[in-house]
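Its first residue numbered 5, the first sequence is counted upward by one per residue in our numbering.
For the record, the hints were derived by calculation from the structure and aren't laboratory data. You may find that some hints are simply not true.
Unchecked claim - Distance condition first, Cα-Cα at most 25 Å in a straight line; then the derived BS3-like pairs of lysine-lysine:
{"hint": "1", "residue 1": "87", "residue 2": "60"}
{"hint": "2", "residue 1": "87", "residue 2": "42"}
{"hint": "3", "residue 1": "54", "residue 2": "119"}
{"hint": "4", "residue 1": "42", "residue 2": "54"}
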Amino acid sequence: MLDIQLLRNDLDGTAARLAARGYTLDTARFQTLEAERKQLQTRTQELQAKRNASSKQIGMAKAKGEDVSAIMAEIATLGDELKVAETALEALQAPLNTLLMFIPNLPHESVPAGKSDADNVEISRVGTPRAFDFVVKDHVDVGAALGLDFETATKLAGARFSLLRGGLARLHRALAQFMLDTHTGAHGYTEVYVPYLVNSDSMRGTGQLPKFEEDLFHVPRTDAEKLYLIPTAEVPLTNMVRDEIVAREQLPLQFVAHTPCFRSEAGSYGRDTRGMIRQHQFDKVELVQLVEPAQSYATLETLTGHAEAILQALGLPYRKMLLCGGDMGFSAAKTYDLEVWLPAQNTYREISSCSNFEAFQTRRMQARFRNDKNKPELLHSVNGSGLAVGRTLVAILENHQQADGSVALPAALWPYMGGVQVLQPAC
RNA sequence: GGAGAGAUGGCCGAGUGGUCGAAGGUACUCCCCUGCUAAGGGAGCGUAGGGUUUAUAGCCUUACCGAGGGUUCGAAUCCCUCUCUCUCCGCCA
Numbered sequence: 005m006l007d008i009q010l011l012r013n014d015l016d017g018t019a020a021r022l023a024a025r026g027y028t029l030d031t032a033r034f035q036t037l038e039a040e041r042k043q044l045q046t047r048t049q050e051l052q053a054k055r056n057a058s059s060k061q062i063g064m065a066k067a068k069g070e071d072v073s074a075i076m077a078e079i080a081t082l083g084d085e086l087k088v089a090e091t092a093l094e095a096l097q098a099p100l101n102t103l104l105m106f107i108p109n110l111p112h113e114s115v116p117a118g119k120s121d122a123d124n125v126e127i128s129r130v131g132t133p134r135a136f137d138f139v140v141k142d143h144v145d146v147g148a149a150l151g152l153d154f155e156t157a158t159k160l161a162g163a164r165f166s167l168l169r170g171g172l173a174r175l176h177r178a179l180a181q182f183m184l185d186t187h188t189g190a191h192g193y194t195e196v197y198v199p200y201l202v203n204s205d206s207m208r209g210t211g212q213l214p215k216f217e218e219d220l221f222h223v224p225r226t227d228a229e230k231l232y233l234i235p236t237a238e239v240p241l242t243n244m245v246r247d248e249i250v251a252r253e254q255l256p257l258q259f260v261a262h263t264p265c266f267r268s269e270a271g272s273y274g275r276d277t278r279g280m281i282r283q284h285q286f287d288k289v290e291l292v293q294l295v296e297p298a299q300s301y302a303t304l305e306t307l308t309g310h311a312e313a314i315l316q317a318l319g320l321p322y323r324k325m326l327l328c329g330g331d332m333g334f335s336a337a338k339t340y341d342l343e344v345w346l347p348a349q350n351t352y353r354e355i356s357s358c359s360n361f362e363a364f365q366t367r368r369m370q371a372r373f374r375n376d377k378n379k380p381e382l383l384h385s386v387n388g389s390g391l392a393v394g395r396t397l398v399a400i401l402e403n404h405q406q407a408d409g410s411v412a413l414p415a416a417l418w419p420y421m422g423g424v425q426v427l428q429p430a431c
């Protein structure tokens, strides 16, 4: 959520910055609603002030045993007038809030203009794609002999689910363990175990609601509010500080969690239908930091580096992309995507997305710290995948496959695999 | 699932219809005193909005005592619904 003051003070400037990411702000509508809001709110507050003053008078008069019928008569119709004004104000604030909640974040000045991923800028390229002296198989074919089973998953749940057996299931677990240990041990994050179902306040806090409800799975309940399956651990991790004022000495907060993620993938029919690139359920190790505003862009760089460290340790070639305005997520001010090399697709595919949200999420959440003037100030939130476990597994199968159908595991994983260095077919 | 108790400011804790945004304590900030990491004295100290303003200063004002409704001229206080916490019983990975 943007600061509404920004819209009031510099509507055209804000609209121009939003245009850079392909969003057209309805400035006329905003101005109309704002003008009406101002008038109605002033009127309402005047009436409330009058009521408060009169009630106070009545209280004082009664305490002295005086007659209050004169004052009572004076404000006889006040209640009705107030009700009308309050109702009108409320009715106006709803669309105004909705408008505000649907406006995406402003792109940082360093974000390139552009409409789609074609306009993203490559920042760096690490590792060299391997030259194969045999016909490269994709992860579905490599995995088939190792325990990757889509038929059974489909029987159990439907399309866009996968099932792993044996060494492959262990590899999946090993990857998550390795990532967690690296981030807690080498990068200073605190491991957190979180709920996988969260309430709507949490979803609103990080920006999934109200705009992206159709992308989420939810669980209805009879008596209580429905719960949503998390699409990323970003939601619970960031919302940990919702409605909190964090002591400055505790900053930066660095959290890491390994969780399943659930996405309905509405609107992506026909895209990535083969394999486990795009699933309704996948595991991810997520990094979240909550920092002082002045630090957040430096944090974005280091956090992205933390995700890169995993790719490097696993010997996976990748490139780092700076997303253009039009390709960024709704809540982000600046995003780097890390794209891993997939030889079978002969291309780089997203495996991590690292973003600075500035105060966009924390404003919704009222997540603050006490600044050097001892005043509450909004934190900045920065997060990134470190990494998507399923896609990392895919990348390992494809990049480290061997002619005989086996897969050579990176040394970093050996301790997590009980010493197994190669996954052999026909497990 | 059954029975009961509770939810107040950073924390503790008073307050059951009226000058309550809320006593007191504690923490924190500033000042004084004290010759020394203690004690004492004084002052200040909630959040989010709106109006005014060059102003994130000041002034005026609104809302907020778990959440949402209701009663009333007036609600932290009364009524209803919900959420959460605690205690006891039952069940249970």
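Against the structure, the hints:
no.: 1; hint: 87 to 60; in the structure: holds, 20 Å
no.: 2; hint: 87 to 42; in the structure: holds, 17 Å
no.: 3; hint: 54 to 119; in the structure: violated, 53 Å
no.: 4; hint: 42 to 54; in the structure: holds, 18 Å
The structure fails hint 3 only (numbered hints given earlier).
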